[in-house]
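Asker: The chain contents come next:
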Amino acid sequence: MGTLMKSLVFACAALAAAIHPAHAAEPTGEAMAATCAGCHGTQGRLGTVEFMPLAGMAEQEFVRAMQDFRSGKRQATLMGLVAGSFSDGEIEAMARYFAGVKPNAAK
Amino acid sequence: MLNRRNFLKAGAGLALAAAFPARAAAGAGHVVIIGGGVGGATAAKHLKLTNPALRVTVIEANRSYIRPYGSSEVLTGHVGMDDLVVSYDALKSKYGVEFVFDTVTGFDPDRKQVRTAGRQTVAYDKLIVSPGISLQYQAIPGYSAAVAETRAPSGWIPGSQTALLAQQLKAMRPGGTFVIVAPPNPYRCPPGPYERGALVTEWMRRHNPSGKVVILDPKDSFVTDATMQLGWHRLYGYDIPDDYLSDMPADVDNRGKPSPIEWVRAKDGGTTERIDARSLTVTTRGGAVKADVLNIVPPMKAGKLAFDMGLTDASGWCPVDRRTFESSVHKDVFVIGDASIADAMPKSGFAANTQAKVTARAVAAQLAGRAPGEPVWGNTCYALAGSNYGLFVADVFRLKDGKIARVSDQRYLPLDASMAKIRLGAAYQQAWLKTFTEDCFA
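Line by line, the protein sequences give chains U and R.
Taking this note's numbering, the leading residue of the first sequence gets 1, the next gets one more, and so forth.
Taking this note's numbering, the leading residue of the second sequence gets 1, the next gets one more, and so forth.
Hint data in this document are derived by calculation from the structure and do not stem from the laboratory.
Mixed in with the good hints, there may be bad ones.
Here are the simulated lysine-lysine pairs, PhoX-like style, with alpha carbons at most 20 Å apart [said to hold, decoys possible]:
1. R:LYS257 - R:LYS212
2. R:LYS421 - R:LYS94
3. R:LYS170 - U:LYS73
4. R:LYS94 - U:LYS102
5. R:LYS170 - R:LYS219
6. R:LYS257 - R:LYS170
Just a few of them, taken from the derived set where beta-carbon distance is under 10 Å, the chain U residues facing chain R [said to hold, decoys possible]:
7. ALA25
8. THR35
9. THR48
10. VAL49
11. ALA55
12. MET57
13. GLN60
14. SER71
15. PHE86
Using N, Cα and C, we set each Cβ at its ideal position, and we do this for glycine too.
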């Protein structure tokens with residue numbers, strides 16, 4: 001049973017990969033997230049209030065925010081330009097990375 | 001002073017017993033970083049974040065860093081020189097980065113060692129060089145380092161010249177002219193000369209209302225030129241040149257009156273041919289301009305160390321493999337920041353910061369026997385047209401056909417942006433000075 005499940009999961013993963021082939025040149029979530037850190041804090045762990053801390057943000061919240069910046073649905077100064085430079089898959093990879101980082105304790 | 005041949009020789013005759021032993025564990029190793037500016041500091045921190053087992057040593061001449069970004073705010077008294085000083089303490093205590101406060105005087109790429117003025121020999125597995133820029137004072141006839149320290153400061157690498165320029169502005173006669181000679185491309189901080197002009201203009205409205213700023217330029221355009229000029233127009237009554245008018249929003253209305261800030265482009269004769277330091281006169285292709293305060297931002301090349309180490313090419317900058325920023329000249333040596341040739345990326349602190357992270361990951365991967373991952377870089381330059389008037393250029397960069405290419409098409413604050421967004425841009429500029437410094441140094 002366990003083996004069957006594993007095979008199924010593997011098969012589904014393989015199928016998903018075939019439908020949405022990983023972009024030949026896609027940076028890791030961590031690598032992309034590093035470009036956010038100049039404003040949003042190292043690893044998104046911003047301890048001050050000026051920008052949104054990204055560490056620990058729920059994946060869906062990050063994905064929705066970036067998609068809304070990209071579409072213009074959400075008002076921004078420069079986040080629309082930044083979000084427009086990443087694909088859906090890349091935004092999801094960044095979301096997974098930030099969701100897994102422990103947020104900074106409030107200062 | 002050592003010339004390049006002597007410099008390399010000084011590295012070549014080193015004792016076999018290196019002061020630092022080579023790698024201790026698999027995946028680990030000793031990474032030596034020369035230069036503790038934005039690039040070097042960020043690389044050190046991110047190497048330790050990526051693999052805490054790495055030994056990371058920064059060789060830096062100064063005990064603390066003076067940040068260039070935001071340093072024009074010293075001229076207006078918004079911050080003092082002390083506010084520009086950044087400590088290395090967090091890199092040492094929080095991340096375990098080692099520091100050697102010394103000057104590099106020798107380099108042996110075969111033995112993978114560098115030597116310092118204090119006669120220390122430092123062996124590396126990988127060497128990251130972040131040498132910054134050198135100001136080519138002598139490229140402008142009549143100008144020199146000595147003139148920059150006395151009569152006509154540059155203040156582009158912050159320090160004594162920044163403080164001198166601030167004093168000269170305060171002491172300028174009522175109705176005097178503050179002349180900025182802008183540099184040719186490529187140079188550090190592309191919007192910088194124009195932001196400086198704006199901040200000085202704003203300062204003079206309160207403290208020297210009949211004074212004016214003239215920017216003499218060997219170029220016809222600059223990054224953020226449309227949004228910056230729109231700010232000058234709204235704040236100081238600057239007339240926008242005809243060739244920028246068609247894209248401007250409806251509130252733009254040129255008055256045809258003299259403005260306290262003037263931008264003289266190459267096509268209007270703005271290129272400087274020589275200066276006379278005694279009379280503070282700039283001779284341009286369009287004629288002579290008499291200054292009361294003369295601020296010259298000279299042409300730039302890679303930092304002197306890059307030349308001494310033989311890392312530059314005929315352009316005066318350092319050719320690198322674009323994926324990792326490994327030097328095209330020496331294996332296991334990486335050049336990051338302003339000194340590197342990075343195609344579409346500007347010479348900015350933000351660019352150096354993201355280059356440092358990509359290179360730190362690549363170096364850590366190589367030491368662990370893995371191939372470097374796919375790179376991505378970013379840049380955001382915030383700039384001010386006035387203390388409450390912010391603008392920016394924002395870009396994401398990727399590797400395309402072996403070169404670094406911009407992937408974002410929109411780059412600027414739209415010209416029809418609301419005043420609320422413009423004020424927010426200024427607030428973000430101030431916030432960024434803090435958050436960015438933390439990301440690099442803390």
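Asker: Now, for every hint given, state plainly whether the structure supports it.
Answerer: Now for the hints, and whether the structure bears them out:
1. Restraint check: the Cα-Cα separation between LYS257 of chain R and LYS212 of chain R comes to about 13 Å, which is no more than 20 Å; the hinted pair holds.
2. Restraint check for LYS421 of chain R and LYS94 of chain R: not satisfied, since their Cα atoms lie roughly 36 Å apart, outside the 20 Å limit.
3. Annotation: proposed proximity of LYS170 of chain R to LYS73 of chain U is violated, straight-line Cα distance about 47 Å (limit 20 Å).
4. For the hint linking LYS94 of chain R to LYS102 of chain U, the alpha-carbon distance of about 17 Å falls within 20 Å, and the restraint holds.
5. Between LYS170 of chain R and LYS219 of chain R, the direct Cα distance comes to roughly 29 Å. Violation of the 20 Å bound is thereby established for this hinted pair.
6. In summary, the hint linking LYS257 of chain R to LYS170 of chain R is not supported, as the alpha carbons are separated by about 26 Å, beyond the 20 Å threshold.
7. Annotation: ALA25 of chain U was flagged as interfacial toward chain R, and the flag holds, the nearest CB pair being 5 Å apart, inside 10 Å.
8. About 4 Å separates the beta-carbon of THR35 of chain U from the nearest beta-carbon of chain R, less than 10 Å, and the hint is met.
9. For THR48 of chain U, the interface hint holds, since its Cβ comes within 10 Å of a Cβ in chain R; the closest pair sits about 7 Å apart.
10. Because the smallest distance between the Cβ of VAL49 of chain U and any Cβ of chain R comes to about 9 Å, under 10 Å, the interface hint for this residue holds.
11. For ALA55 of chain U, the suggested interface contact is broken, since its CB lies about 13 Å from the closest CB of chain R, more than 10 Å.
12. The closest approach between the C-beta of MET57 of chain U and any C-beta of chain R is roughly 17 Å, which is over the 10 Å cut-off, so the hint fails.
13. The interface hint given for GLN60 of chain U is broken, as the beta carbon of that residue sits about 23 Å from the closest beta carbon of chain R, more than 10 Å.
14. For the restraint placing SER71 of chain U at the interface with chain R, the shortest Cβ-Cβ distance is roughly 13 Å, beyond the 10 Å limit, so the hint is violated.
15. Of the supplied interface hints, the one on PHE86 of chain U holds, with its beta-carbon coming within about 7 Å of a beta-carbon of chain R, less than 10 Å.
Of the numbered hints stated above, those contradicted by the structure are hints 2, 3, 5, 6, 11, 12, 13, 14, listed in ascending order.
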